[in-house]
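*Asks:* What follows is each chain in one-letter form.
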Amino acid sequence: MAVERCLEATGVSKQYTDFWGRPTVLAVEALDLVVAPGEVVGLLGPNGSGKSTTVKMLVDLLRPSRGSIRLFGRSPRDPLVKARLGYLPEESCGYPYLTGLETLHFYGRLQGLDGSRLTARVATVLDEVGLRAGRERRVGQYSKGMQRRLGLAQALLGQPALLLLDEPTSGLDPLGRRDVKALIRRLAAAGSAVLLSSHLLAEVEDVCDRLLILHRGRTLASGAVGDLLRQPQGLRATLPQLAPERAAELLAAIRPLDEAATTEPLISRLEAYFLAVVAAAGAEGRDA
Amino acid sequence: MLAALRPVREVALAAARSAWRAPVHGVLLLLALGLAGLLPLADYLSFLEKRRLVADSLQALWLLSGLAAVGLGACRTVGDELRSGVCGLLVATRLSRTSWLSGKLAGLALLLLPWWLAAAVTQLWGSRLAFDDYRVDWPAARLYWALLLLAVLLATWRAWRGHSFAASLTAAVSLLLPLGLLALGLLPRGAWSGGQLLDWRQLPAVALYYPQWLLGAAVALPLALVGDAVPTLLAGAVVLALGLTADALLSGPVGRSIGWLLPNWQPFQVGDQWVRGGASWGLVQRAWLAGLAQTAALWQLTVAAWAEHELG
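Residue numbers (this note's numbering), protein chains in the order written: chain A, 199 to 486; chain B, 988 to 1299.
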């Protein structure tokens, strides 16, 4: 039996026009995109590459100039599609004069939840995004990171089969980014399809199974992350820390195989180093 | 049917709550209530016309401040929501565009309810303050200002506790001023002979504030969809001015036909009727129907125009 495709876009283009209908910017050109259940796909590209335009076309906020978009085999306008969709826009997601809790109850009621089901679901998503402590504060007083968490929380409320996330970690600190990335992986493992757009390379690399690189609306590269990043001409071996004389012996041993072979100390990524330092400080604080 | 209306109700409640909590709403309401308390105390230098002038000036005050409230409310709940992305989020995943627009109009209608109550109370209160052409009913004036001050203090205390000043003020005046109106009956009348304490003939005029404001909401809604606050309010003021002068400016069959297309506020102006002994409830009913029909027509046009609008 064929696996249902959560999202399928074929030959999608978006040509913006001015007030008089004259073409201005070709924001997206002949985009092909498929997202299956349990898959995390990344749209990667610099600012102005067409990522947000693509996401907005997928949720029917913008209409494609050419091509077709099907979500769960239906038009994005179909109410049945909307019910299975979670969307985190690039902008904020709340009313400044409502509290975070009121905001989530509002979104939940619009999704058909009420009573104890709504209360329980709101509590769950607040925990998932780490916003329980700030739930009684007004959204207008939220930091950018808290607003992002609130946006994620509302996107998760309806337990969507397809999540469209526009810059999900924008404004989050490294701890928040780590949590969100882990959350996305958990959702995918549970069967949700996720499409995220970002200009943060590490974010896409860490969580995505496949990616598309967009530039000025055109797809420059696409495929599985591992395939795209693999370098067939090179090989990296990771060894325990060696004394300098042992490293020199190792290099001498492999140099006859290839003159370009080198050794260098293993360098940690700054994000991993930062998280380790903060975690250690947290552990010390608890001990104290 | 009821299930289909549920999203509209949710959007309406959120819109009204959001608008009530906006600081500008509190400032505007306080300003209107302050002026409504001051106008009957002004010396109009007119013999036997004070009551009519007070009634007219209060009528103008509430018409304009209600329209300002609805204009600002539209900018707040529609314009800001469009620009912040909340509208896009809602229509992408949860609502039809028609439900969202209907909810916004209903939210603005809810926003206006406390204004309507405040207008009714102050209009009656003003009639008591201006009951005598040569004197002011100071006990009634002192009670009004004391209650307004108490409402401000309560709202400030609530704001200090982390709640919204504007929403608290709205709740406080909605509770305190009607109670004060009831208490007015217990106050001494002063030296002049009795007569009516409150001029209930003003209620038909007050009843007509609401359809005028609703019409204002139906005008402000499409403007807020395409513009910022200042252009919205300016364009709304132009439409208001055209509507107020439609009968004078547009004569002849062609002119009258064009006049029908404008939101015409003139059927609601019943000041002259009031001078002749009060507007009849039949007139109020007809004006309400006309107002609702115009509001529905404008809303329908807005829905049709916005159905294919892109939300980039």
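These are computed hints drawn from the structure, not numbers from a lab. Glycine included, each C-beta is placed from N, C-alpha and C at the ideal position. Be careful, since some hints might not be right.
Here are some chain B residues the structure puts well away from chain A; computed CB gaps all over 12 Å [stated by the list, open to error]:
id : residue
1  : A1096
2  : R1122
3  : A1128
Stretch-level coverage of chain A by chain B, calculated; a stretch enters the list once three of its residues show a Cβ under 8 Å from a Cβ in chain B [as the list claims (entries may be wrong)]:
id : segment
4  : 246-260
5  : 301-312
6  : 441-454
Derived DEER-like restraints, expressed as beta-carbon distance ranges [said to hold, decoys possible]:
id : chain 1 : residue 1 : chain 2 : residue 2 : range
7  : B       : E1295     : A       : K342      : 28 to 38 Å
8  : B       : A1228     : A       : A388      : 17 to 27 Å
9  : A       : L399      : B       : G1021     : 56 to 66 Å
10 : A       : G313      : B       : W1125     : 47 to 57 Å
11 : B       : A1228     : A       : A331      : 47 to 57 Å
12 : A       : L426      : B       : G1299     : 24 to 34 Å
13 : B       : L1028     : A       : R261      : 52 to 62 Å
14 : B       : A1228     : A       : F217      : 23 to 33 Å
15 : B       : G1299     : A       : A234      : 49 to 59 Å
16 : A       : A234      : B       : E1295     : 52 to 62 Å
17 : B       : H1296     : A       : N245      : 22 to 32 Å
*Asks:* Look at each hint and say if it fits the structure.
*Replies:* Now the hints, each set against the structure:
With a least beta-carbon separation of about 18 Å from chain A, A1096 (chain B) lies farther than 12 Å from that chain, consistent with its non-interface assignment. At the 12 Å boundary, the C-beta of R1122 (chain B) stays outside the reach of chain A, the nearest C-beta of that chain being 44 Å off. With a least beta-carbon separation of about 34 Å from chain A, A1128 (chain B) lies farther than 12 Å from that chain, consistent with its non-interface assignment. As drawn, the segment 246-260 of chain A meets chain B at 6 residues by the rule of a beta-carbon pair under 8 Å; at three or more, the given contact holds.
Evaluation of the coverage hint for the segment 301-312 of chain A: fulfilled, as 5 residues show C-beta separations to chain B shorter than 8 Å, against a requirement of three. Counting residues of the segment 441-454 of chain A whose CB falls under 8 Å from any CB of chain B gives 0; the rule of at least 3 is not met. Against the hinted window of 28 to 38 Å, the Cβ-Cβ separation of E1295 (chain B) and K342 (chain A) comes to about 33 Å, which satisfies the hint. The given range of 17 to 27 Å is broken by A1228 (chain B) and A388 (chain A), whose C-beta atoms sit roughly 59 Å from each other.
Taken as a hint, the range 56 to 66 Å holds for the pair L399 (chain A) and G1021 (chain B), whose Cβ atoms sit roughly 58 Å apart. At about 54 Å, the beta-carbon gap between G313 (chain A) and W1125 (chain B) stays in the expected band of 47 to 57 Å. Between A1228 (chain B) and A331 (chain A) the CB atoms are about 51 Å apart, so this pair conforms to the stated range of 47 to 57 Å. A hinted range of 24 to 34 Å for the beta carbons of L426 (chain A) and G1299 (chain B) is consistent with their spacing of about 30 Å.
Distance hint check for L1028 (chain B) and R261 (chain A): the Cβ-Cβ separation is about 59 Å, which falls inside the suggested range of 52 to 62 Å. The beta-carbon spacing between A1228 (chain B) and F217 (chain A), approximately 27 Å, falls within the hinted interval of 23 to 33 Å. Between G1299 (chain B) and A234 (chain A), the C-beta spacing of about 28 Å breaks the proposed range 49 to 59 Å. Evaluation of the 52 to 62 Å hint for A234 (chain A) and E1295 (chain B) yields a failure: the beta carbon distance comes to about 31 Å.
Separation of H1296 (chain B) from N245 (chain A) is about 25 Å and conforms to the stated range, judged on CB atoms against 22 to 32 Å.
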